[in-house]
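**Student:** Take the sequence shown: its letter number 96 is residue 96 in the working numbering, and every next letter is one higher.
Quick caveat, the hints were computed from the structure, so don't treat them as lab data.
Bear in mind that the values here come from a model prediction, so they are computed numbers and not experimental data.
Every residue, glycine too, gets a C-beta built ideally from N, C-alpha and C.
Among the hints, a few may not be true.
Quick list of simulated restraints, FRET-style, between CB atoms [to be verified]: (1) 50 / 163: 27 to 35 angstroms; (2) 7 / 87: 33 to 41 angstroms; (3) 45 / 137: 17 to 25 angstroms; (4) 134 / 8: 31 to 39 angstroms; (5) 40 / 155: 21 to 29 angstroms; (6) 134 / 34: 31 to 39 angstroms; (7) 25 / 51: 28 to 36 angstroms; (8) 9 / 37: 27 to 35 angstroms.
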Amino acid sequence: MRREIRELNYSERIQFQQAIAHLQVGGDKSVWTSLRNLYVTHVMHANSPQYFLFWNRNFLRTMERHLQEYNCSTMIPYFDFTLDAGNLSSSVVWRPDFFGSALSNGISCQKHFIPKSNMSWTPCIKRDIKSDSNPPTMIDVALALSKPDFYEFTSALQGISNYMHSFIGGEWKQLMVLTTPFSTLYMLLLTHYSGNGSNVIPMNA
Numbered sequence: 001m002r003r004e005i006r007e008l009n010y011s012e013r014i015q016f017q018q019a020i021a022h023l024q025v026g027g028d029k030s031v032w033t034s035l036r037n038l039y040v041t042h043v044m045h046a047n048s049p050q051y052f053l054f055w056n057r058n059f060l061r062t063m064e065r066h067l068q069e070y071n072c073s074t075m076i077p078y079f080d081f082t083l084d085a086g087n088l089s090s091s092v093v094w095r096p097d098f099f100g101s102a103l104s105n106g107i108s109c110q111k112h113f114i115p116k117s118n119m120s121w122t123p124c125i126k127r128d129i130k131s132d133s134n135p136p137t138m139i140d141v142a143l144a145l146s147k148p149d150f151y152e153f154t155s156a157l158q159g160i161s162n163y164m165h166s167f168i169g170g171e172w173k174q175l176m177v178l179t180t181p182f183s184t185l186y187m188l189l190l191t192h193y194s195g196n197g198s199n200v201i202p203m204n205a
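When you get a sec, could you build the whole thing from the sequences and use the hints?
**Tutor:** Here it is, written out as structure tokens:
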């Protein structure tokens with residue numbers, strides 16, 4: 001069963017981050033870059049109501065298979081942001097041994113994710129979490145999941161997804177920016193929407 005990122009122990013998180021770093025080997029010709037280019041090329045399909053869930057689920061599974069070529073036990077976890085709805089900026093996912101700082105002040109950015117490693121993230125990830133609003137709650141997600149019509153259901157999830165892009169800010173703020181797919185946190189959030197993490201929502205149990 002797919003697990004929430006906080007359910008991974010320290011060694012499992014490092015293993016996951018190392019697998020991602022392995023996909024970056026080769027620079028512009030790396031697997032990570034090819035996947036990023038695939039997303040950018042098909043971003044309109046990836047974010048259209050007709051294909052949003054299908055496209056992103058297939059994209060994540062493709063990436064997961066590449067990660068498993070490095071370590072067969074690697075699995076993409078999901079990020080349940082509703083657990084931090086009261087104060088997302090204080091979530092443990094912003095710790096150095098998870099996915100780095102929540103704030104960049106528009107200038108600084110997160111370069112290193114693997115403790116005691118010189119592996120840098122290029123381009124580095126910028127974030128700027130809003131302090132004047134709150135992320136979606138479990139109720140918001142449950143209401144989206146309860147939509148009886150597929151297109152209403154998809155549109156509701158897309159609305160939450162787009163809001164989270166804006167809420168976290170930085171590289172996430174623009175869906176079309178080339179660095180967006182470089183963020184592993186973006187990948188975890190998509191996993192949450194693709195259905196693999198939907199079991200955490202009480203109304204969908």
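**Student:** It remains to establish, for every hint, whether it holds in the given structure.
**Tutor:** Hints, one by one, checked against the model:
For the pair residue 50 and residue 163, the beta carbons lie near 20 angstroms from each other, so the given range of 27 to 35 angstroms is not met. At roughly 21 angstroms, the beta carbons of residue 7 and residue 87 sit outside the given window of 33 to 41 angstroms. Range check, residue 45 to residue 137: about 29 angstroms between beta-carbon atoms, so the 17 to 25 angstroms window is missed. Range check, residue 134 to residue 8: Cβ separation about 26 angstroms, and the 31 to 39 angstroms hint is violated.
Hint check: residue 40 to residue 155, Cβ distance near 23 angstroms, so the stated range 21 to 29 angstroms holds. The hinted range of 31 to 39 angstroms is satisfied by residue 134 and residue 34, whose Cβ atoms lie roughly 37 angstroms apart. Between residue 25 and residue 51, the C-beta spacing of about 30 angstroms keeps the proposed range 28 to 36 angstroms intact. The given range of 27 to 35 angstroms is respected by residue 9 and residue 37, whose C-beta atoms sit roughly 33 angstroms from each other.
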